[in-house]
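Q: Same order as they appear, the protein sequences are chains S and D.
The numbering of the first sequence is this note's numbering, which starts it at 4 and goes up by one.
The numbering of the second sequence is this note's numbering, which starts it at 7 and goes up by one.
A hint or two may mislead.
Computed list of lysine-lysine pairs in DSSO-like fashion (alpha-carbon distance at most 30 Å, straight line) [stated by the list, open to error]: (1) D:Lys377 to D:Lys304; (2) S:Lys7 to D:Lys377; (3) S:Lys185 to S:Lys127; (4) S:Lys7 to D:Lys304; (5) S:Lys233 to S:Lys185; (6) D:Lys205 to S:Lys554; (7) S:Lys586 to S:Lys554; (8) S:Lys135 to S:Lys207; (9) D:Lys27 to S:Lys7; (10) S:Lys586 to S:Lys470; (11) S:Lys557 to S:Lys127; (12) D:Lys304 to D:Lys315; (13) S:Lys30 to D:Lys289; (14) S:Lys7 to D:Lys290; (15) S:Lys7 to D:Lys315; (16) S:Lys510 to S:Lys495; (17) S:Lys218 to S:Lys207; (18) S:Lys30 to S:Lys569; (19) S:Lys185 to S:Lys510; (20) S:Lys394 to S:Lys349; (21) S:Lys233 to S:Lys207.
Here are a few chain S residues that sit away from chain D, every Cβ distance over 12 Å (derived from the structure) [to be verified]: (22) Ala20; (23) Ser23; (24) Glu261; (25) Ser336.
Residues from chain S that face chain D, not an exhaustive set, calculated with beta carbons under 8 Å [what the hints assert, rightly or not]: (26) Ser5; (27) Tyr8; (28) Arg9; (29) Pro10; (30) Trp12; (31) Phe18; (32) Val19; (33) Val21; (34) Ser22; (35) Thr26; (36) Ile28.
Hints listed in this document are in silico derivations from the structure and should not be mistaken for laboratory results.
Glycine included, each C-beta is placed from N, C-alpha and C at the ideal position.
This is what each chain is made of:
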Amino acid sequence: MSMKYRPAWDPENPFVAVSSGTTHIFKTGTQRSEKPVFVNKTASCRNACPIGINIPLAIHKASSGDMDGALGVYLEENPLPGVCGRVCYHPCEKECNRALFDEPINLRSFERFVSDHGRVDIRKGLPLGTRKKSIAVVGSGPAGLSAAYHLARIGYLVTLLEAQSELGGMLRYGIPPYRLPKSILDKDIQRILSLGVTVRTATKVGRDPAWEALKLYDAVFLAVGLQVGKNPFAGKEPNDSILTGTEFLRDPQRWSLEDENQRVLVIGGGNVAIDVARTLLRLRRGQGRNITVLCPEQRELMPAIPEEIAEALEEGISIINGWAPHGIRPTDSGGISLDLFRAEVKRDTATGNLRIVKVGEEARRVPAERVILAVGQGLDAGVLPRELEIKRDKILTNASKATSLPSIFAGGDAAGEKAFVADAIASGKKGALAIHLYLEGAVFDDELRDHQIGQSGSLSFQHFFEKADQPLYDLRNVVTFEQINTLFFSKKARALPGKLAPDDRKKAFEEVTGGLGAESMEMEWGRCFRCGTCIDCENCIDFCPDMSILKDMKAGSYIFNPDYCKGCGMCAVACPRQVISMKAEHA
Amino acid sequence: MRMFLKGNDAAAYGARLARPKVIAAYPITPQSPIYERLSEWDGQGILGARMMRVESEHSAMAACISASLTGVRTFTATASQGLALMHELLHFASGMRVPIVMVNVNRAMAAPWSFWSEQTDSLSQRDTGWLQFYVADNQEALDTVIQAFKISETVLLPSMVVLEAFYISHFMEPVDVPDQEKVDAFLSEYEPAFRLDTKSPRSFCQTVSQAQYAQFRIQRYEAMRQALKVTQIVDQEYGEMFGRRYGLIESHRAEDAEIILVTAGTIGGTTRVVIDELRAMGKKVGMVRIRVFRPFPKESLVRTLHHAKKIAIIDRNLSPGQEGIFSEELKSCLYGLVRDVPVFSYVLGLGGTNVSPAHIRSVIEMTERLKTPPTGPIYDIEGAHA
Numbered sequence: 004m005s006m007k008y009r010p011a012w013d014p015e016n017p018f019v020a021v022s023s024g025t026t027h028i029f030k031t032g033t034q035r036s037e038k039p040v041f042v043n044k045t046a047s048c049r050n051a052c053p054i055g056i057n058i059p060l061a062i063h064k065a066s067s068g069d070m071d072g073a074l075g076v077y078l079e080e081n082p083l084p085g086v087c088g089r090v091c092y093h094p095c096e097k098e099c100n101r102a103l104f105d106e107p108i109n110l111r112s113f114e115r116f117v118s119d120h121g122r123v124d125i126r127k128g129l130p131l132g133t134r135k136k137s138i139a140v141v142g143s144g145p146a147g148l149s150a151a152y153h154l155a156r157i158g159y160l161v162t163l164l165e166a167q168s169e170l171g172g173m174l175r176y177g178i179p180p181y182r183l184p185k186s187i188l189d190k191d192i193q194r195i196l197s198l199g200v201t202v203r204t205a206t207k208v209g210r211d212p213a214w215e216a217l218k219l220y221d222a223v224f225l226a227v228g229l230q231v232g233k234n235p236f237a238g239k240e241p242n243d244s245i246l247t248g249t250e251f252l253r254d255p256q257r258w259s260l261e262d263e264n265q266r267v268l269v270i271g272g273g274n275v276a277i278d279v280a281r282t283l284l285r286l287r288r289g290q291g292r293n294i295t296v297l298c299p300e301q302r303e304l305m306p307a308i309p310e311e312i313a314e315a316l317e318e319g320i321s322i323i324n325g326w327a328p329h330g331i332r333p334t335d336s337g338g339i340s341l342d343l344f345r346a347e348v349k350r351d352t353a354t355g356n357l358r359i360v361k362v363g364e365e366a367r368r369v370p371a372e373r374v375i376l377a378v379g380q381g382l383d384a385g386v387l388p389r390e391l392e393i394k395r396d397k398i399l400t401n402a403s404k405a406t407s408l409p410s411i412f413a414g415g416d417a418a419g420e421k422a423f424v425a426d427a428i429a430s431g432k433k434g435a436l437a438i439h440l441y442l443e444g445a446v447f448d449d450e451l452r453d454h455q456i457g458q459s460g461s462l463s464f465q466h467f468f469e470k471a472d473q474p475l476y477d478l479r480n481v482v483t484f485e486q487i488n489t490l491f492f493s494k495k496a497r498a499l500p501g502k503l504a505p506d507d508r509k510k511a512f513e514e515v516t517g518g519l520g521a522e523s524m525e526m527e528w529g530r531c532f533r534c535g536t537c538i539d540c541e542n543c544i545d546f547c548p549d550m551s552i553l554k555d556m557k558a559g560s561y562i563f564n565p566d567y568c569k570g571c572g573m574c575a576v577a578c579p580r581q582v583i584s585m586k587a588e589h590a
Numbered sequence: 007m008r009m010f011l012k013g014n015d016a017a018a019y020g021a022r023l024a025r026p027k028v029i030a031a032y033p034i035t036p037q038s039p040i041y042e043r044l045s046e047w048d049g050q051g052i053l054g055a056r057m058m059r060v061e062s063e064h065s066a067m068a069a070c071i072s073a074s075l076t077g078v079r080t081f082t083a084t085a086s087q088g089l090a091l092m093h094e095l096l097h098f099a100s101g102m103r104v105p106i107v108m109v110n111v112n113r114a115m116a117a118p119w120s121f122w123s124e125q126t127d128s129l130s131q132r133d134t135g136w137l138q139f140y141v142a143d144n145q146e147a148l149d150t151v152i153q154a155f156k157i158s159e160t161v162l163l164p165s166m167v168v169l170e171a172f173y174i175s176h177f178m179e180p181v182d183v184p185d186q187e188k189v190d191a192f193l194s195e196y197e198p199a200f201r202l203d204t205k206s207p208r209s210f211c212q213t214v215s216q217a218q219y220a221q222f223r224i225q226r227y228e229a230m231r232q233a234l235k236v237t238q239i240v241d242q243e244y245g246e247m248f249g250r251r252y253g254l255i256e257s258h259r260a261e262d263a264e265i266i267l268v269t270a271g272t273i274g275g276t277t278r279v280v281i282d283e284l285r286a287m288g289k290k291v292g293m294v295r296i297r298v299f300r301p302f303p304k305e306s307l308v309r310t311l312h313h314a315k316k317i318a319i320i321d322r323n324l325s326p327g328q329e330g331i332f333s334e335e336l337k338s339c340l341y342g343l344v345r346d347v348p349v350f351s352y353v354l355g356l357g358g359t360n361v362s363p364a365h366i367r368s369v370i371e372m373t374e375r376l377k378t379p380p381t382g383p384i385y386d387i388e389g390a391h392a
C-alpha cells in the first residue's frame with residue numbers, strides 16, 4: 004500500500020543527478036590555452052658529444068633487448084664505436100644530467116658494450132655507389148675514416164689513400180695497444196671498408212702519386228693529421244739522444260730503449276707524453292725507475308686525460324710538474340743534460356692561448372741518456388700542394404671545410420681541430436657533408452643549421468638521412484636537469500669497469516680497462532634518464548585527466564585529442580624526460 | 007518473542023530483522039553496544055549482512071551511500087561527535103536519495119566532553135534532508151527501525167531513529183521481538199528504484215546547472231512532505247500486523263485539556279505518568295509527544311493543540327541565541343491561527359540531567375501561574391539541571 008507513494012524512476016527526468024549520456028558532450032578542449040607538443044629533444048650527453056651520437060636512444064634500444072638497434076644508432080653518426088668505447092675522453096659523461104642527481108652514466112663503457120655485442124649490416128638500405136662521383140680521402144686517421152664512411156653512405160665512390168702500410172693513422176700508430184687493442188681498431192675499419200671504400204695504403208700523396216693526379220677526383224678531403232713531432236731543439240741536438248713521441252710510438256721497438264738502466268726523460272704533459280712513458284714501461288717489462296715525465300704544467304692542469312695520468316702514476320712512472328727545459332748539452336758518457344727552469348702554464352688573457360711562464364730564479368739540471376719530446380705535433384708541409392694556404396701548422400679552411408684550393412677540403416688535426424679522436428671523427432663528418440653539399444651546389448650553412456645538434460657544432464647524419472623522422476626531433480633543444488622529473492628515479496651508484504692491477508698490466512701490452520659485464524651494464528643503463536627521448540613509458544596517458552592522449556600508430560608518436568585536452572599540462576609534468584612541452588595554443 | 011533488552015539491543019534487533027545487506031559503522035559511546043551486538047551476530051554467522059569496519063564515521067556514511075547505490079538495504083549507527091563528523095555526507099545521502107536507516111544515540115556535544123543524553127547532536131542535522139524519529143522507549147526503538155526502512159524505501163530519503171543516551175540505550179525493558187517471518191512479510195526485500203550498474207555506466211552526483219539544482223531541491227522537499235503521509239500509512243500497516251502503532255505524535259488526554267505539555271523522547275514517558283496523577287486531582291492537563299521531527303507534523307500538532315488555553319513545551323536542548331529547538335518549531339506552526347495560544351518554553355535535562363515527575367509538576371504549576379510567557383526559555387525550575 005505504502006509503496007504506491009514511491010516516485011517512479013525515469014532516467015530522462017530523474018530525481019537525483021545522473022548522467023543521461025557520456026561526458027563526450029563536454030568538450031573540455033574549448034578551455035585550452037596551451038597544448039602539449041610531443042617532440043624528442045637533445046640529451047645533454049648528445050649535446051656534449053662532438054660526434055652527436057643519440058646516446059639515450061641507443062640506451063633505450065639496448066635496454067629493450069635490441070643490441071643491434073643500439074649499435075645501429077651509434078653507426079648513424081660514428082663509424083668507430085669500438086675505438087671511442089675505449090679511448091674517448093667522454094665529454095658526454097661530464098655533461099650527463101644524471102651527474103646532478105647522483106653520478107653520470109658510464110657512457111663510454113656503454114659504447115664499448117654496444118660495439119662488442121651488437122651486429123649490424125651497415126650496407127642495408129643505403130644508396131651505396133649510386134652517385135657517380137668519386138672522392139679521394141687522404142689520410143686514414145679518425146677524421147679520414149669518418150669522412151670516407153659518411154661519404155660512402157651518401158653514395159659516393161670513395162678512395163682512401165694512406166701513407167703508412169696499414170689504415171688507422173694515430174689510432175694505429177699513436178695510441179698504444181694497452182689502451183686500444185689492434186683487433187678492435189681492425190673491426191671498426193673493416194666495417195667501414197664493407198661500404199665499398201677503395202683503399203690504397205703505402206701511398207704517399209705528394210710524392211707518388213703527385214697532387215696533380217688527384218684532379219681525377221671530383222673532390223678531395225685532406226685528413227693528413229699532424230705527423231711531425233715538434234722539436235724545440237731542432238738543429239741544436241748535441242747527439243742522437245733526442246727523439247719525438249710520434250716517432251717513438253710509431254714503432255717503439257726500433258729505438259733500443261729496453262735497457263732499464265737508460266735514463267729516459269719524456270717532456271710534455273699531454274696524452275702523447277703519458278702514452279710514451281707507459282709504452283716504454285711495458286717495453287721494460289714493468290721496470291719504471293728510469294722513466295720520468297717532465298712538464299711545465301701543475302698536475303691538475305696537465306692536458307692529458309686525468310684517468311691516464313692516474314694509471315701512469317699507479318704503474319710507478321714519476322711525473323715532475325712545474326719545470327721546463329731551456330738548454331741542452333752533451334755529457335761525457337754520451338748522454339745529455341737538460342737545463343730546467345721553474346715554470347707554470349698560464350692562459351694569455353688576450354689571445355686565450357696557453358703560455359709557459361718562468362717563475363723565480365730556481366734552476367735545475369737533469370741528466371738522461373734519452374729525451375723523448377711530446378710537446379706538440381706539426382704538419383708535414385713538405386708533402387702538401389705548394390699553393391695550399393697554411394698558417395702555423397694548420398691548413399686554412401672556411402666554415403665549409405673548403406681549403407684555398409678548389410674542390411679540396413680539409414679536416415682533423417691538420418685543419419686545426421681539437422686533437423681528440425672524437426673531435427677528429429666530428430670533423431670528418433662535417434667534411435663529408437660539406438663535400439656532398441658542394442657537389443650538390445647547396446649552401447653548407449643552411450643545411451648544417453637543419454641538422455645541427457643543440458648549441459654545439461655537431462650535426463646529425465641520422466637526421467640528414469631520415470627525412471620522415473625529422474618532425475619527431477627538435478635537435479636544437481637541449482634538455483636540462485631541471486626539466487627532468489626526478490620523482491620517477493631513485494639514486495643508484497655508477498657502475499665502474501674492472502682494470503688490470505698495476506703490477507699485472509705494466510709488464511705487457513694487454514688492455515688495461517675491461518668492459519662492464521652484462522649484469523652491471525643493465526644496472527647502469529637502467530639509471531639513464533633518457534633525456535628528451537620518448538621510450539613509450541606512457542606516463543602521459545596514465546596521468547591525463549581527460550584521457551585525451553592517444554598513440555598514433557602510423558607516426559609512432561603520441562598525439563592529443565583537441566576536443567578534450569584542456570591544456571592542463573599534467574602530461575608535460577608527468578613526462579619524466581621532457582619529451583612533452585606545452586606551447587601556447589595560438590602561437 | 008518477549009525479551010528483556012537494553013534500548014541499544016532492541017535497536018540492533020530491529021536492524022537485524024530488517025535484513026540489511028551492508029552495515030558500515032564506527033564505534034562511539036553510547037552507541038558502541040549496537041555495533042558490538044551486530045558484530046557478535048556477524049561472528050556467529052547469523053547477521054546476514056556484510057559488516058564494514060571503517061576508519062571513521064565519515065567513511066561509514068560514505069560506504070553506506072555507495073553500498074545503497076548498488077541497490078542493497080543499508081544500516082548504520084552513531085552518536086554525537088560521530089554524527090557531526092558525518093555531517094557533510096548526510097547531505098550527500100539525502101541528495102542521492104538513498105534510503106539508509108541510521109540509529110543515532112543522542113549524546114551531548116563537546117566541548118566540554120560529556121557522554122550523557124541531549125538532543126543537540128541530531129537536531130543540528132535538522133536541515134540535512136533526513137527523516138528524524140524521536141522514540142520514547144525500547145520497544146518503540148525496535149519498531150521504529152523496522153518502520154523507518156519501509157518509509158525511507160518508499161519516499162527514497164534516509165531516516166535517523168533517535169534514542170536517548172542511557173535513558174534508552176542502556177536501560178533494560180521488556181521488548182516484544184517480532185518473528186522474522188512476520189517482519190519479512192511486512193518489509194519485503196529492498197528493490198532499488200535505480201542503482202549503479204556496470205552494464206549501463208552513468209555518472210552520479212555530478213555538477214548540475216542552477217536550474218537543475220533547484221529542481222532536485224524541490225523534489226527532495228516534496229518527498230519529505232510525502233513522507234508525512236507515508237509514515238502514517240506504514241505505522242498503520244505495522245499496527246495491523248504487530249499490534250503496535252505510534253503515530254506522528256503521541257497525544258495523551260489532550261482532547262479536552264486546558265494546558266497541554268509538549269515534549270519529545272523519554273521525557274514523554276515521565277510526563278504521561280504526571281498527567282495521569284494531575285488528572286486524578288481534577289486538573290485538565292494533557293500531553294503531546296512529538297515522535298516525528300522531520301518531516302514536522304504541523305497539521306497533527308495544530309489539530310491536537312489548537313483548543314488549549316496554554317501550551318508548555320520541554321526541550322532537552324538549547325539553541326544559543328534562540329531557545330529550545332522543538333519550541334521554535336512548534337511556535338512556527340501555531341503562527342497565524344484564529345486564536346493565539348500562549349506557548350511557555352522550558353529547557354530541562356541538559357547534559358543528561360534527570361527530568362523527574364517533580365520537575366514536570368513544577369512546569370505545569372508555573373504555566374498555570376504565569377499569565378503570559380516570558381521572553382526566552384525558562385530553565386530555572388527548582389532542582390532541575392542537578
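Q: Does the claim that S:Ala20 lies off the interface hold, with its Cβ farther than 12 Å from every Cβ of chain D?
A: violated (5 Å)
Q: Hint S:Ser22 vs chain D: min CB-CB distance below 8 Å?
A: holds (4 Å)
Q: Have a go at the S:Ile28 hint: is there a Cβ in chain D nearer than 8 Å to its own Cβ?
A: Violated. Min distance 12 Å.
Q: Does the CB of S:Arg9 sit less than 8 Å away from some CB of chain D?
A: Status holds, d = 5 Å.
Q: Under 8 Å is the threshold here; is the Cβ of S:Tyr8 close enough to any Cβ of chain D for the hint to stand?
A: holds (5 Å)
Q: Taking the closest Cβ pair, is S:Thr26 under 8 Å from chain D?
A: It holds, given that the least Cβ distance between S:Thr26 and chain D is near 7 Å, below 8 Å.
Q: Run the distance test for D:Lys304 versus D:Lys315: straight-line Cα separation, threshold 30 Å.
A: holds (18 Å)
Q: For the restraint on S:Trp12, tell me whether the closest CB of chain D is nearer than 8 Å.
A: holds (4 Å)
Q: Against the 30 Å threshold, does the CA-CA distance of S:Lys7 and D:Lys377 hold or violate the hint?
A: It is violated: about 49 Å lies between the C-alpha atoms, which goes past 30 Å.
Q: Assess, step by step, whether the Cα of S:Lys7 is no farther than 30 Å from the Cα of D:Lys315, and give holds or violated.
A: Between S:Lys7 and D:Lys315 the Cα gap is close to 40 Å, so the pair fails against 30 Å, i.e. violated.
Q: Between D:Lys377 and D:Lys304, does the CA-CA distance stay at or below 30 Å?
A: Satisfied, since the Cα-Cα distance of roughly 26 Å is no more than 30 Å.
Q: Does S:Val19 pass the interface hint, meaning its C-beta sits closer than 8 Å to a C-beta of chain D?
A: holds (5 Å)
Hints 2, 13, 14, 15, 16, 22, 23 and 36, counting from the list given before, are not met by this structure.
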